[in-house]
Structures are given as C-alpha cells and as structure tokens.
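Visitor: Letter by letter, the sequence shown follows residues 9 to 725 in the numbering used here.
One or more of the hints may lead you astray.
Between beta-carbon pairs, the in silico distance windows are [claimed, not checked]: (1) Glu70 - Thr400: 35 to 41 Å; (2) Pro155 - Ala60: 45 to 51 Å; (3) Leu191 - Phe499: 21 to 27 Å; (4) Glu664 - Arg45: 35 to 41 Å; (5) Asp564 - Glu646: 42 to 48 Å.
Because the hints were derived from the structure by calculation, they are not lab data.
This one's a predicted model, so the numbers in the text were calculated from it and none came from an experiment.
For glycine and all other residues, C-beta sits at the position ideal for the given N, C-alpha and C.
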Amino acid sequence: MTGPVQAEVEVEPTRLPRKVLIANRGEIAVRVARTCRSMGIATVAVFSDVDADALHVRVCDEAIRLGGASPAESYLRAEALLAAAARSGADAVHPGYGFLSENASFAREVGAAGLTWIGPTPDAIAAMGDKVEAKRRMADAGVPLVPGIELPDGVDVAAAGEDVGFPLLVKAAAGGGGKGMRLVAGPDELEDAVAAARREAAAAFGDDTVFLERFVQRPRHLEVQILGDGHGAIVHAFERECSIQRRHQKVIEEAPSASIDDEVRAALCDAAVAAARAIGYVNAGTVEFVADEALLVRRRAGELVDPRDCFAFLEVNTRLQVEHPVTEQVVHVRDPATGALHALDLVRLQILVAAGAPLPFTQDDLVQVGHAIEARLYAEDPASGYLPATGTLDAFEPAGGQGIRWDSGVVEGDVVSVHYDPMLAKVVGTGPTRLEAAARLARALDDTVILGARTNRDLLVDALRDDAFLAGDTTTAYLDDRYPTDDDRRFPPALDAVDLALIAATVVGIDNGSVATERGLPLVAPGFTNAGAFDPHVGFVVDDTTWRVTYRARRDGTFLLRSEEDPRFDGSPASGSEGSAVTVHRLAGDHLDVEVDGRRHRVLVARRGDAIAVHSVLGRVRLTEQPRFPVAAAERVEGATLAPMPGSIVSLLVAEGDAVTEGALLCTLEAMKMEHRVTAPVAGSVSDVRIAVGQQVDADEVLVVVAPSDAGAATPG
Numbered sequence: 009m010t011g012p013v014q015a016e017v018e019v020e021p022t023r024l025p026r027k028v029l030i031a032n033r034g035e036i037a038v039r040v041a042r043t044c045r046s047m048g049i050a051t052v053a054v055f056s057d058v059d060a061d062a063l064h065v066r067v068c069d070e071a072i073r074l075g076g077a078s079p080a081e082s083y084l085r086a087e088a089l090l091a092a093a094a095r096s097g098a099d100a101v102h103p104g105y106g107f108l109s110e111n112a113s114f115a116r117e118v119g120a121a122g123l124t125w126i127g128p129t130p131d132a133i134a135a136m137g138d139k140v141e142a143k144r145r146m147a148d149a150g151v152p153l154v155p156g157i158e159l160p161d162g163v164d165v166a167a168a169g170e171d172v173g174f175p176l177l178v179k180a181a182a183g184g185g186g187k188g189m190r191l192v193a194g195p196d197e198l199e200d201a202v203a204a205a206r207r208e209a210a211a212a213f214g215d216d217t218v219f220l221e222r223f224v225q226r227p228r229h230l231e232v233q234i235l236g237d238g239h240g241a242i243v244h245a246f247e248r249e250c251s252i253q254r255r256h257q258k259v260i261e262e263a264p265s266a267s268i269d270d271e272v273r274a275a276l277c278d279a280a281v282a283a284a285r286a287i288g289y290v291n292a293g294t295v296e297f298v299a300d301e302a303l304l305v306r307r308r309a310g311e312l313v314d315p316r317d318c319f320a321f322l323e324v325n326t327r328l329q330v331e332h333p334v335t336e337q338v339v340h341v342r343d344p345a346t347g348a349l350h351a352l353d354l355v356r357l358q359i360l361v362a363a364g365a366p367l368p369f370t371q372d373d374l375v376q377v378g379h380a381i382e383a384r385l386y387a388e389d390p391a392s393g394y395l396p397a398t399g400t401l402d403a404f405e406p407a408g409g410q411g412i413r414w415d416s417g418v419v420e421g422d423v424v425s426v427h428y429d430p431m432l433a434k435v436v437g438t439g440p441t442r443l444e445a446a447a448r449l450a451r452a453l454d455d456t457v458i459l460g461a462r463t464n465r466d467l468l469v470d471a472l473r474d475d476a477f478l479a480g481d482t483t484t485a486y487l488d489d490r491y492p493t494d495d496d497r498r499f500p501p502a503l504d505a506v507d508l509a510l511i512a513a514t515v516v517g518i519d520n521g522s523v524a525t526e527r528g529l530p531l532v533a534p535g536f537t538n539a540g541a542f543d544p545h546v547g548f549v550v551d552d553t554t555w556r557v558t559y560r561a562r563r564d565g566t567f568l569l570r571s572e573e574d575p576r577f578d579g580s581p582a583s584g585s586e587g588s589a590v591t592v593h594r595l596a597g598d599h600l601d602v603e604v605d606g607r608r609h610r611v612l613v614a615r616r617g618d619a620i621a622v623h624s625v626l627g628r629v630r631l632t633e634q635p636r637f638p639v640a641a642a643e644r645v646e647g648a649t650l651a652p653m654p655g656s657i658v659s660l661l662v663a664e665g666d667a668v669t670e671g672a673l674l675c676t677l678e679a680m681k682m683e684h685r686v687t688a689p690v691a692g693s694v695s696d697v698r699i700a701v702g703q704q705v706d707a708d709e710v711l712v713v714v715a716p717s718d719a720g721a722a723t724p725g
C-alpha cells in the first residue's frame, strides 16, 4: 500500500490551488506531492545544494534551487522560499513539518504575498508554537498541565530549576521533535543543559527561547489528531500512542493506544477539542499529552481513578505530524447514507480546508477500524547512543506485503547527508489486531534490503517482536529499559542464519559473481592448477567475526562447502571435513533456492561492492567479503578521541597540557541538527588538540588525544 485511499466526498472549496510549493524536503515533501498529484495540483520542490538529486526533487513537477547546505542556508530562508514561489508561479505553500512549518512570521509573509498557506492561522501558530504561550492558553481553558517555568533573559536559572524540581526537562519554546530538549537530573547539569538547548533550538528553529518543565518519570506519550475548518467545525480523529522514543524523539507510534480504556479515550479527545476551540483552530494539528502510567495501571486494576487525572497537556503541534499515517490507516469516514467506510487523507483535507471548504464529515462520522503501527527508519547506530550515520544507500529495497505502507524520502543510491534529520522513511503495518499489525510490520522491515549507511532497522524488528512490546509495556522508558546503549547490543543473527548466508554469498560470488547452475561451472573447476587441485576459499566478516568458507564444485552441478570461524583469516586454505552438500537454483532477480543437505531455503542475496545482504526465513545477515590479501589495519593512537560522524566543532573545552578525568567533556560536535558530546576515554593529560571551534571534521577524524596517566589513576580536571 503506497498511501491512503481518498474518500470521494462532495465539498465546495472556494478555489483549489493550481500549483503548490512544498517548503520542505525528504519523505514529507514526497508525501505532500503524492496527494497534490492525485488532486490534479502541480507541485514545486525546493532544494539545497546537497539535495540537488534528492527524491523529493524528482517527484515534483519542477524544482527551485535554494543553495547552501545547512538548514539555515536553505530550508530556513523565508525570503528564498517566497522568491521560489514567485519565480515558479505557485499560488499556495505547504510547509510540511519541521523547518518553518510552525513559524508564524513565515505564515504571515506567505499570506501577505497573496499565497494560500496550507496550515493553521498565523495567530494559532504564534499562540501554540510558543510552548510557553500555549501553556497559558490551556490553563485558561481548564486543560490539565505539567508544572513548568519560563526562562526570560536575566532569570536566575538555578532558582528556576529548584522551583520546578528535579528531574526536569529543558525544552525549546519554538519547536519539537526532540530538538532543543535536554533531560536534567540535578542542579549541577542545569546551566550547561540550558546553554546547549539554546544553541540547538537556534540552529533548528531560528529561536533560542527555552523553558523548564517537570519531568514525569516513566509516562506514556499520547496525542490526539485534530481538524478544524474556517466555518467553526472542530473534530478529533482519535488518539495515537507515541511512547517509544530516544532523545525525546519518537521511534514507534501506533493507533489506537492499547494502554487506555474508552473513558480515558473520551476524556483525552474531549480535552484536545477543548484546546483547539480555545484558539479557534483551523486545519490539521495535534494536541500532545503526557499520561501517568501509574494511574492508568490503577484504572486497569479496577480502581475508580478519574479519567481526567490520568493525563496532562504538553503542547499543540500546529502542523501535520510525522506519524499522521497511523491515523490515516485506522480512522475512517462512515458515509451516513450508505454506511460505506472511506479512509482519510489528511493532506487532502489540509488543502481543502485551506481553500475554504468545510470539513466533509462530522464527529459522529469518524470511526476507528483495526490497528496500525508505524516505525521510523533512521540512519543511526542504536548501539552507539543512536548516533546519526551517514553514507550512501548502496541498496534500498523496501519490502511490501498485505497491510504495509511506506512513506520514504530516499531511494537506492542516495547519500545520507550530515546536514539534516537522519530519518530515511516511515513504514506502517496495519491489521485487524495489534498483534497482526506488529507481525506484518516486523516482517516487512526484516525483508527490506539495506546496504550502506547503518540504520536502526535491527532494533525496530527486535522491538516489534519483543514480549514486553507485545504485552503493551511501552512507556517512554521502554528503549532505555530494554535496549540500553551501554551494552553495545547489535542484534547478532542466529548461527544457522549465518551458515546459510555464508553459503549463499559464496555460491553467488563463485566465478566472478555468476551463480552456478545445475550444469556446474563452465569447463574448469574452481581451484584447478597444473600442479593439481585445491579447494578455493573466501573470507567474510559478520558482526566483527571473520569466517572462512572453503568450497568445491562437483560434476553434478552441486557444491561441497565448509565454513569455519577464522579470526586470523589470511587467505590460506582450510583443511578438514568436506562440509555441506549444496545445490543452487536461480529464481527471479536476486532470489535463489539454496538446498543444503536436503533442506531447501528461499534466499535473497543483494550485493553492492564487497557488502552483501542475505535474507531468508532463518534471519537477515549482513556480510563483508574480505580481500584475498588483507591490508593491515591502520595504527591507532592510544587515548585518541575520534569524530563519531562528520560535523562541525561548536565547543572546545581543553587545551594541550590540561589534566582531565575519564569521561570529562573535551568538545562538542554538531551534526544533523543535534549536538554530540566527546569525552575523555581515559584519565590523563591532553597531549594533542587537532581541532578548533567552527572546524568541519570527517567521521573517525582524530579530535583530541589524551595521554593516560600512570596506572590509569584519576587526575584532577
């Protein structure tokens, strides 16, 4: 499934836009373009220099270059976006999410230029986009709130922290998505956290205003989709649960929430509508709440806990949410005349409402059917603190199936840039039940071929099959509890899956990449020499373990293969038993049937250079073929800290000769709109500083070298 099925409902817009400029990039720009095309509306993409060949540029009817690379040089330049609209003749602007989507000044400028703004009014954006003002409005409307405090210029930050209480969150007033947000456990961390959050917020949203908010430990994150039109109608499209997060950014979302009952659901949705009415909300938006898991547990145990006591207001996102597809997959419009159900297309409704049309349904017409779960596929390494990853997507083949929908911003061959959010795609699994939706989604991710940049796909698959997830134990602490980053978990495949992958990769690579058929290899057997014959071999690395596979082709078209773990693989042949009897049958494309000792497996083998992905029912395995004559690893400098990814140095806290303790902060690297702390690997003294503030560095570049102190003793820092 590639998108929502549109309901053919009679509406009377004043005038549909003829051409929409999409002031965004990536998967949301592709998503908006898809609906515009279905409505007969032309589209204009905008792109930075880095995005010149990006997918969103290719799917739109035309594109305008903004220049630059960073968001500040491109997608955050309001004047450049307005100039692009004028140059292309666009008569409407869709902002997507992120960037300037919640910038009231930009929305006003779009209107002042005579263009249609496909989003809420600038006044609503100003009121709700500023999280501090939003809290004031919600307090007046009687919506439950989480305690917090503003941080105007000159305020005593330490005193404000004591007033709110620890632990607390530092949050950006002008944004969301985890940008400009820091969790602070105690007073000693507060000042640095506020400074870092201000820098990050300024880089992501152009506004460094932050505030403090009480941190509710182990809550659930619930949100309600709202829709309003210019004729006074406001409805909700039920709730989503978005509790599974890392760095306060959502990873897995679902609808409906399995953690609340119908009474809490009704109270939650009523509060969302009340919040929207308090600001006269128009277009699509989301009201976010934090839910107290302890109180929900008591309700599930039968205690008479007031439903309104179970949740508190967080914020209103005055835009389309990243996770809107889960609502589109389960919320349907019931035709009052025929009873037929039609799926929602929220982007289509945004465009119709912006054109002056009333909502084509009432609250009573909306119903939930089935369950949907969305997973965000990020270019990142969960085992390294979710550090964003860069590189080329050498292979990217999303797997389909019943109930599967992909919203993707990349295709095979695209380069994952350091400059933008690392999300590659979203995939949604829909089914009659939550368990079926999770199973379908896990299978689709498992079958998806990805080579090149590291992704969080393994974690997503493991989580979707995890007993705790399937039981609904999914508070915001889920990832920290189940997948702590300090255990270096990399989800190694089962040994039988590795064995099959080694066999499949070997036979595909025999004879310079051609696959042997039932007739065997042409004329000459591998390993034949004029001095006799030997069994050829090849080396592969799987999760830092080197394997050697020795093989022999036989006259009947089969092979004998033997694999063994060989950490010191040096190209020398192995000895021992003959191994497994293997027959290979080519199917379509990269799909094979591999029969090993009488057991046949359907296998997909994707290869790009020396990187190989093998998929089968036994599991998914990534391999790297080793050269016949390996090159020695480059010598490493003891005590050196390396850049985890390409980026820019934003702070440097040490100089040569400084004494530091293990774990002391050395410098801060900014990449993909997030800051990454680089700390001392050992206690000692700084012997070499190879960077300066503002310098651009590459991945694995040496930043600071710390000479260890004697016997590793702690040194005052």
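Visitor: A separate judgement is required for each hint: does it hold in the structure or not?
Guide: Going down the list of hints, with the structure as the test:
1. The given range of 35 to 41 Å is broken by glutamate 70 and threonine 400, whose C-beta atoms sit roughly 27 Å from each other.
2. As the Cβ distance of proline 155 to alanine 60 is approximately 47 Å, the hint placing it in 45 to 51 Å holds.
3. Between leucine 191 and phenylalanine 499 the beta carbons are some 26 Å apart, a value that agrees with the proposed interval 21 to 27 Å.
4. For glutamate 664 and arginine 45, the hinted distance range of 35 to 41 Å is not satisfied, since their beta carbons lie about 58 Å from each other.
5. About 55 Å separates the C-beta atoms of aspartate 564 and glutamate 646, a value inconsistent with the hinted range of 42 to 48 Å.
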